[in-house]
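Quick note: the sequence shown uses numbering that gives the first Met the number 0, first residue 0, plus one each step.
Worth double-checking, as some hints may not be accurate.
Said to hold, decoys possible - Pair by pair, the computed Cβ-Cβ distance ranges are:
1. Lys139 with Pro80: 21 to 31 Å
2. Phe252 with Gly388: 55 to 65 Å
3. Ser157 with Gly188: 22 to 32 Å
4. Pro324 with Arg353: 57 to 67 Å
5. Arg195 with Pro160: 45 to 55 Å
6. Pro349 with Gly250: 32 to 42 Å
No lab work stands behind these hints: they were computed from the structure. Computed from a prediction, not measured in an experiment: that's the story for all the values here. Glycine residues also receive a C-beta, built at the ideal position from the N, C-alpha and C atoms.
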Amino acid sequence: MGRILEGIKVVEVALFGFVPSAGAALADWGADVIKIEHPETGDPVRALSSYGFGPGDGGVTTLWEVFNRGKRGVGIDIATPDGLELLMCLIDEADVFITSFMPSARERLGIDVDQVRARNPRIIYGRGTGQGPDGPDADKGGFDGISYWSRSGASTASVPPGYDFPILLPGPAFGDIQSGMFLAGGIAGALYQRERTGQGSVVDVSLFGAGLWAMQATIAGAAAIGADNIVQLDRRRPPNPLTNLYRTADGHFFVLGMLQADRYWSGLCAALGHPELAADERFTTLALRTEHAEACVAALDAIFTAITYDELVKALDSQEGQWAPVAVPGDTLTDPQALANGYVQQVDYPSGARLPLVPVPARVDGDLPVLTPAPTLGEHTDEVVLALGRSEEELINLKIAGVIS
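Just need the whole structure built from these sequences, with the hints factored in.
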């Protein structure tokens with residue numbers, strides 16, 4: 000059985016990370032994604048050095064590969080009449096068109112909804128924006144650190160006790176990739192709707208809206224208690240000491256996530272070799288552990304900081320409660336669970352470089368995509384333009400005119 004979007008053709012006119020990451024997800028699911036770039040300058044993310052992610056060994060640019068693996072790359076100057084017509088010829092044959100361009104730019108270039116649908120009424124038109132398609136800020140650009148993370152309230156909700164500033168985005172493209180997954184999912188749903196109705200759709204996802212979706216439990220919870228924010232908890236005095244961070248003698252951090260605390264308390268204490276702790280009259284119920292949280296955490300800290308991580312694993316794996324190590328990103332490359340499920344794949348490059356990439360997490364019937372490198376600038380221009388029925392002579396003339404690369 001083929002991948003779920005095999006046979007679906009996608010045309011992408013988008014920059015940076017948000018919408019291109021949606022294209023990457025669609026490609027992982029089997030779609031033929033053609034990424035259109037300016038023939039000379041390309042997508043700015045090719046040279047982006049934020050967070051130090053510039054070209055590495057073998058000339059591989061990490062963020063470019065994350066957002067654009069598995070696509071075909073075509074260089075077209077769509078600001079020219081001939082370039083726009085080439086784009087429209089691709090749109091004629093496409094199932095999906097996705098863009099990150101703002102409304103004024105789409106209208107100026109001739110690629111807004113009405114203009115695209117005039118060529119292909121059945122097309123699914125996907126728009127990724129900073130703040131949403133309506134409202135006073137609809138024509139303002141945005142990046143995930145601004146629209147997804149800061150404006151949604153995630154930044155202030157992440158502030159630990161005693162810290163004076165909101166927290167910056169926890170890593171590159173953190174909100175881009177999640178928002179792109181929402182756009183890819185919306186497009187998949189729109190394709191299903193088209194199968195039933197024959198009608199194309201416009202799918203809108205914004206970084207701001209995606210951030211609010213991620214923050215909805217905190218937003219609702221703060222409103223319920225009549226506050227502007229839910230303050231981050233002090234690990235020394237949590238409502239439930241069994242949902243808390245701890246550290247071992249050899250410096251490994253781990254987290255307990257035992258929401259049904261009374262169910263697991265006695266078993267945890269026994270596994271740690273301290274059954275007397277379960278019988279301590281201050282800690283026999285969750286309500287009492289909450290009342291005496293500081294003493295309970297101190298008692299657990301004393302136990303955990305006296306054992307090594309290997310000893311901790313043996314103890315915690317012998318009881319039923321939920322826990323996990325607190326990993327650093329590099330740990331995932333050797334995590335046996337990640338490897339067993341194909342959650343991280345090593346992609347090989349012609350230069351000899353290797354880069355770990357994460358495939359789309361939604362698998363259907365166990366299908367796991369085999370990830371391939373992102374295209375070089377204009378790598379597939381010739382094959383794509385010739386497939387539109389243009390001659391070799393026309394191809395050369397378009398290159399001489401600077402319309403394609």
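Tell me the numbers of any earlier hints that the structure contravenes, in ascending order. Violated hint: only 4; rest satisfied.
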